[in-house]
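Heads up: the protein sequence lines correspond to chains A and B, in order. Sequential numbering from 54 applies to the first sequence in this note's numbering. Sequential numbering from 54 applies to the second sequence in this note's numbering.
Do not take every clue at face value.
[Stated by the list, open to error] Calculated pairs, DSSO-like style, for lysine-lysine (alpha carbon to alpha carbon, straight line, at most 30 Å): (1) A:437 <-> B:304; (2) B:414 <-> A:305; (3) A:152 <-> B:409.
No lab work stands behind these hints, which were simulated from the structure alone.
There are 2 protein chains.
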Amino acid sequence: MPENFQTPRGTRDFLPEEMIRREAVINTVKKVFETYGFSPFETPAFENFELLAAKGSGGDAIKDQIYYFKDKSDRELGLRFDLTVPMARVVANNPQLPKPFKRYCIARAWRYEEIRKDRFREFWQCDVDTVGSSSMESDTEILAVAVDSLEALGFKKFCVKLNNRKILSALIDFVNAPEKKKYDVFRAIDKLDKFGEETVKDELKAAGLKPKQIRELFKFITIEGSPGEVIKKGEKILQSSIGSQGLEELKKIVELSKSYGFTDKIVIDFNLARGLDYYTGPIFEVVDMSGKNIGSLAGGGRYDDLIELFGGRPTPATGISLGIERIVEVMKQEKMVKLPKTNVKVFVANVNEEVKKDTIKIAQELRKNGISCQVDLMSRKISKQFEFADNLGVAFVLTVGPKEVKKNKFKLKDMKTGKEQELSLEEIIKKMTSER
Amino acid sequence: MPENFQTPRGTRDFLPEEMIRREAVINTVKKVFETYGFSPFETPAFENFELLAAKGSGGDAIKDQIYYFKDKSDRELGLRFDLTVPMARVVANNPQLPKPFKRYCIARAWRYEEIRKDRFREFWQCDVDTVGSSSMESDTEILAVAVDSLEALGFKKFCVKLNNRKILSALIDFVNAPEKKKYDVFRAIDKLDKFGEETVKDELKAAGLKPKQIRELFKFITIEGSPGEVIKKGEKILQSSIGSQGLEELKKIVELSKSYGFTDKIVIDFNLARGLDYYTGPIFEVVDMSGKNIGSLAGGGRYDDLIELFGGRPTPATGISLGIERIVEVMKQEKMVKLPKTNVKVFVANVNEEVKKDTIKIAQELRKNGISCQVDLMSRKISKQFEFADNLGVAFVLTVGPKEVKKNKFKLKDMKTGKEQELSLEEIIKKMTSER
Chain A
54 MPENFQTPRG
64 TRDFLPEEMI
74 RREAVINTVK
84 KVFETYGFSP
94 FETPAFENFE
104 LLAAKGSGGD
114 AIKDQIYYFK
124 DKSDRELGLR
134 FDLTVPMARV
144 VANNPQLPKP
154 FKRYCIARAW
164 RYEEIRKDRF
174 REFWQCDVDT
184 VGSSSMESDT
194 EILAVAVDSL
204 EALGFKKFCV
214 KLNNRKILSA
224 LIDFVNAPEK
234 KKYDVFRAID
244 KLDKFGEETV
254 KDELKAAGLK
264 PKQIRELFKF
274 ITIEGSPGEV
284 IKKGEKILQS
294 SIGSQGLEEL
304 KKIVELSKSY
314 GFTDKIVIDF
324 NLARGLDYYT
334 GPIFEVVDMS
344 GKNIGSLAGG
354 GRYDDLIELF
364 GGRPTPATGI
374 SLGIERIVEV
384 MKQEKMVKLP
394 KTNVKVFVAN
404 VNEEVKKDTI
414 KIAQELRKNG
424 ISCQVDLMSR
434 KISKQFEFAD
444 NLGVAFVLTV
454 GPKEVKKNKF
464 KLKDMKTGKE
474 QELSLEEIIK
484 KMTSER
Chain B
54 MPENFQTPRG
64 TRDFLPEEMI
74 RREAVINTVK
84 KVFETYGFSP
94 FETPAFENFE
104 LLAAKGSGGD
114 AIKDQIYYFK
124 DKSDRELGLR
134 FDLTVPMARV
144 VANNPQLPKP
154 FKRYCIARAW
164 RYEEIRKDRF
174 REFWQCDVDT
184 VGSSSMESDT
194 EILAVAVDSL
204 EALGFKKFCV
214 KLNNRKILSA
224 LIDFVNAPEK
234 KKYDVFRAID
244 KLDKFGEETV
254 KDELKAAGLK
264 PKQIRELFKF
274 ITIEGSPGEV
284 IKKGEKILQS
294 SIGSQGLEEL
304 KKIVELSKSY
314 GFTDKIVIDF
324 NLARGLDYYT
334 GPIFEVVDMS
344 GKNIGSLAGG
354 GRYDDLIELF
364 GGRPTPATGI
374 SLGIERIVEV
384 MKQEKMVKLP
394 KTNVKVFVAN
404 VNEEVKKDTI
414 KIAQELRKNG
424 ISCQVDLMSR
434 KISKQFEFAD
444 NLGVAFVLTV
454 GPKEVKKNKF
464 KLKDMKTGKE
474 QELSLEEIIK
484 KMTSER
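Full structure from sequences and hints, please.
Here it is in structure tokens:
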């Protein structure tokens, strides 16, 4: 077979068994998003390159990291690298959208990156955002959605790390670090949990910070304790207006989280910085704590300037992205979902070709009642039909023969237990529909 | 706003109202597909160009009709132009897949084409295919799935047009037309219903057919009557082995359709040819008959050679594609779906900021019971909250005030009728969950 008849490098096919699992995960989080009043929303797979490379978006360097192409009229295009930039474009273009605009989007994005285990060039993202509200109520609600989603999927031990870009900016001022090195400092700080003190100190030094500045900075970013304690200690150090504002926002989130019921999961972590430049307020990361080295499950924050950067009116916004690819992987490894291999519930087997029509009629009756079933399409012998059904992973096989049709009594075999029952079609339908 | 901050030409954004409608349509057909035992399945958005341009796939000319690009390692890629070619690749690459392999795929494809009303460069396709079975039982089942899907969506008057590429090939022999002009003749014939006799005759002449050949051909392709009559008349004319085989296959489909219950919808139409070259057996088209000039709703056929062309073992296959974009458009125009503007059921309004926490707690209770709701995130006055809720299109507004919380009696306003009820939270939950 020609090599080029394979999937392109960094992409995957999803065969039914894998797809059924992914759909189960996606449907679970969709249901949670919808109970919180978020609506589905889609944008094109590709965008005009100018948008992807705009300030606040991917920037100039993005061309090397995306799939870039031109259409036949020489328009510059690129596959979207995330779901936030297209959403911000839509909001900028549609000022009539009532606010708050609450949307979710579970869809593909593409990045031309080094391929590693669990990192692909085509991947799914799962974003939920609230646009138009500057209130901490939105941020808290976004966190509640993430917590509820993960719990609905079966995650039990995880924490919600919180920080605020305003606090980090105040910290830059406090240690007298150069404003233009701000994002370098943020990126260095963010590595503390993953790479340890030495790496961070080296990077801070490289960013031009002096030992004294690094010491002061470390004193702050390593503050530990309950959310109340951490905020109190922070207030003693950062007394600038911007710093107080950031701390005040975190206080509000902690307070509001009580109504949502996830206060026990909050950890204020001043070394959380998040990689993206566009955050302006609270930033968050949901981290697995099961001790299984799973890491981050979700991340996000407030980005009040992005929509204006894309030509829209000044519009505050906040959101979170669930790491859906990692979540699916972890759930598979940890066997957190017990999913059937197939959505097909019953295989309706025929003992010979003469009863084929009856078999089809019975299958149609099951289908009318919403029961997923298959019939033989290969003119196989009954034993081979059972083999196929077993291989497919169906829960039941119903056998149709001339006698069975006459009596309206069919053998229904439970493929897990091996037990057989003799039931009328009506009884079978009742059993199948009540079981769901 | 810069022009390039708009959607790329030929693509669309789907705002929530539109998305909710599309999802309702997609979920309806998915449910039907699954009752027939078809499984979900996905492939990458782009493929290696060599595959897209392969024989049996898009051919050499495809480069001008697709979004073509190279990755940074100069690999030639292209956005997929349909869902059949990637599926055939997957089956060719995975000979271990149990047969029949029954999959559906509802996903995007892209073509760089002239933009017309209802024709976009990014569009959704909705395919359902059975791979591995050469039996007419598969073709009949595929047709039953299409019929059931359309009926589930509310379509009432439509017919299933049937023909067979074997019959058309026999016809080419019968009128002594040159074999290498076969596909030109097919494409000409296919235009009869849409463009009339003159156009077809002109195209047949251009394909090199003589007046006598054209007359003979027309006598055959204009045969009318019940399926039984049309087949009988066809048998009298086409007596070659390949012709008889094609007619025999159609007879079987008509016979089997009785068990599925859609025989009354079948029209044998010898001028149905379908555009694609890869069909090898029965071909079908589902056509709206409501008299509203809606045209084709679905189309497909058998393609027994495609998977082998892609390097797989010889593997028969048949499938149909629902014209999902057109279906959504028609359903919108004809008001066939009465969908709410929003998935949000209840807006939980707060009379002042003091009861905000209670409001959130009540919302969380509703959500735990699977009821979709929103709370105010904009610190709006109660009257403005009602205005927003009305605009959003929610069915109910629940008002939370200090007295209401104390008594556990809340006003629930039905936004359609304007009627208000005083209910406890438990009663509200009961009402909302029983109503679904």
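Structure-based check of each hint:
1. A:437 <-> B:304: 28 Å, holds
2. B:414 <-> A:305: Answer holds: residue 414 of chain B to residue 305 of chain A is near 16 Å, not above 30 Å.
3. A:152 <-> B:409: 19 Å, holds
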